[in-house]
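Starting from the given sequences, assemble the full structure and let the hints guide the process.
Take a look at the letters that make up each chain.
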Amino acid sequence: MAILEIKNIHKNFGNTKVLKGIDITLEKGNVLVIIGSSGSGKTTLLRCLNFLETPDKGTISVNGKVLIDGEDKATLSDKIIRKNRLHFGLVFQQFNLFPQYSVKDNLTLAPRLALKSEIKEYKKAHGASAAKEEKARREKEIQQNTLRLLEPVGLSEKIDSYPCELSGGQQQRVAIARALALEPDILCFDEPTSALDPELVGEVLKVLKNLAESGKTMVVVTHEMRFAREVADHVVFMSDGVIAEEGTPEEVFDNPKNERTKQFLQSII
Amino acid sequence: MFWQVTKDLLEGFGTTLELFGFTLLFALPLGLIISFGSMSRFTPVKWLVKTFVWIIRGTPLMLQMIIIYYGPGLVGTYASQIENPGIIMSWLATWSVFDRFVAVLVAFAINYACYFSEIYRGGIEGIPVGQKEAGQVLGLTKTQIFFKITLMQVIKRIIPPMSNEIITLVKDTSLARIIAVYEIIFMGQNYIKLEGIIWPLFYTGAFYLVFNGLLTIVFGKIEKKLSYYRG
Ligand SMILES: Nc1ncnc2c1ncn2[C@@H]1O[C@H](COP(=O)(O)OP(=O)(O)OP(=O)(O)O)[C@@H](O)[C@H]1O
Ligand SMILES: [Mg+2]
Chain A
1 MAILEIKNIH KNFGNTKVLK GIDITLEKGN VLVIIGSSGS GKTTLLRCLN
51 FLETPDKGTI SVNGKVLIDG EDKATLSDKI IRKNRLHFGL VFQQFNLFPQ
101 YSVKDNLTLA PRLALKSEIK EYKKAHGASA AKEEKARREK EIQQNTLRLL
151 EPVGLSEKID SYPCELSGGQ QQRVAIARAL ALEPDILCFD EPTSALDPEL
201 VGEVLKVLKN LAESGKTMVV VTHEMRFARE VADHVVFMSD GVIAEEGTPE
251 EVFDNPKNER TKQFLQSII
Chain B
270 MFWQVTKDLL EGFGTTLELF GFTLLFALPL GLIISFGSMS RFTPVKWLVK
320 TFVWIIRGTP LMLQMIIIYY GPGLVGTYAS QIENPGIIMS WLATWSVFDR
370 FVAVLVAFAI NYACYFSEIY RGGIEGIPVG QKEAGQVLGL TKTQIFFKIT
420 LMQVIKRIIP PMSNEIITLV KDTSLARIIA VYEIIFMGQN YIKLEGIIWP
470 LFYTGAFYLV FNGLLTIVFG KIEKKLSYYR G
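First to last, the sequence lines map onto chains A and B. If you count the first sequence from 1, position 64 lands on 64 in the working numbering, and the numbers rise without skipping. For the working numbering, add 269 to where a residue sits in the second sequence, where the first one is 1.
A couple of the hints might just be wrong.
[As the list claims (entries may be wrong)] So the derived list for chain A, only partly shown, Cβ under 7 Å to chain B, looks like this:
1) N50
2) A110
3) L113
4) L115
5) L166
6) S167
7) G168
8) F253
It is worth saying that the hints were derived from the structure and are not from the lab. Note that the coordinates shown come from a computational prediction; the quantities given were computed from them, not determined experimentally. For every residue, glycine included, the Cβ atom is placed at its ideal position computed from N, Cα and C.
What follows is the structure, encoded as structure tokens:
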């Protein structure tokens with residue numbers, strides 16, 4: 001069974017139809033790369049996946065379970081959304097690290113807050129002293145996990161630095177580690193290298209490549225065509241709110257059938 | 270003579286500080302509530318609050334003080350002259366002037382709350398939406414996002430304008446003498462009337478200077494403390 005199934009997603013902003021029926025399936029461990037010209041709806045699609053926008057129509061399912069249904073209000077309540085969105089992680093174009101927190105605190109903030117509410121439940125079930133022990137144990141786990149997350153992005157030494165002390169490439173790598181800290185099933189990237197100086201693009205793409213090789217399921221919006229060709233299992237070309245063409249990297253890059261895909265690929269080289 | 274003057278002025282400065290302290294105590298939280306109102310997604314609330322802020326910021330504090338001090342008394346006198354007053358009119362007839370200090374405090378608290386609310390609003394709206402969204406995708410609740418992510422960044426942003434406004438407040442307290450609250454300038458002026466000497470009035474400036482100097486140092490310290498990060 002596919003890990004991710006997107007069916008017939010529609011999204012309007014007022015009178016502008018931005019997504020006009022998007023269907024995508026993605027197998028576990030695969031990398032989906034989305035390409036397309038500016039304004040074609042790539043960011044909007046990722047935002048729908050991460051519940052930052054609610055689709056007007058269509059469903060998003062993970063492991064066969066419908067997480068969001070644009071026409072079913074029950075799936076759109078704050079509480080349900082907060083629970084379901086953790087299936088996804090999102091790395092932003094602008095990193096969006098929390099400037100007042102060190103690298104370590106950026107990584108541990110969300111897990112620690114989640115732990116806090118879990119321990120409340122645990123306390124009800126097992127009593128105060130057991131809860132205290134459990135809390136200490138889990139907190140230690142979170143700390144150790146931080147080290148484990150920073151190593152593959154090559155930033156172990158920066159654990160106590162603040163975002164303003166890091167280069168753009170380093171900040172983006174921290175943002176990736178932060179997204180991974182919550183162990184999402186599917187990690188989404190919205191043009192993760194577009195805000196970077198050219199010489200810093202490589203280090204971030206390398207991290208993405210390693211993640212892909214380690215079997216992480218990923219959805220990547222990017223303009224880095226060489227990277228897309230190397231890493232993608234499946235490529236989707238979006239145009240004007242619909243999928244104009246899709247297939248393996250070879251199919252889309254080497255033998256595009258759609259006129260607009262051809263034009264786009266030419267314009268980008 | 271010098272010591273007598275110093276003692277009198279210190280007494281007046283005590284009133285000044287009281288007015289200053291209580292104004293902050295009420296205006297700081299009230300301003301936050303007003304700023305939430307002015308950012309409300311419910312349009313009628315938003316416009317009501319914005320109009321209120323516009324009126325308060327668009328008229329002199331001195332006038333507001335006078336209205337709050339004399340207003341209730343006028344309403345009371347007027348209402349008590351009506352024959353066969355209804356429930357509302359009988360109630361209005363019980364209105365009388367506030368205590369002088371209370372009237373001044375009410376005017377100051379409302380006035381400064383409106384100025385603070387604009388500073389808060391600027392601070393909150395200046396935080397990039399990406400910060401909130403990053404919190405959202407990490408599964409944080411709205412409350413957690415406000416307290417763990419937004420608040421600290423807002424504080425850092427508003428410290429400089431707030432320190433300006435607060436130092437202005439110290440000086441604005443001198444307006445209270447208009448309705449005979451015995452703050453420090455009032456005490457200094459008294460010496461002109463009673464003894465025919467003017468230097469005590471000049472001397473009051475030293476008190477303001479020292480106090481504002483202390484405030485500047487405190488705000489500088491806070492700013493420095495928050496300067497461990499940028500952004
Ligand atoms: N919140 C919004 N309100 C109104 N219109 C929006 C909003 N967000 C996006 N749009 C519009 O939707 C369309 C698609 O935007 P989107 O950001 O998804 O495109 P994109 O493919 O990510 O483009 P880019 O490559 O420039 O990032 C654009 O025309 C944009 O103006
Ligand atoms: Mg985009």
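Hints violated by the structure (listed by number, smallest first): 4, 5, 6, 7 and 8
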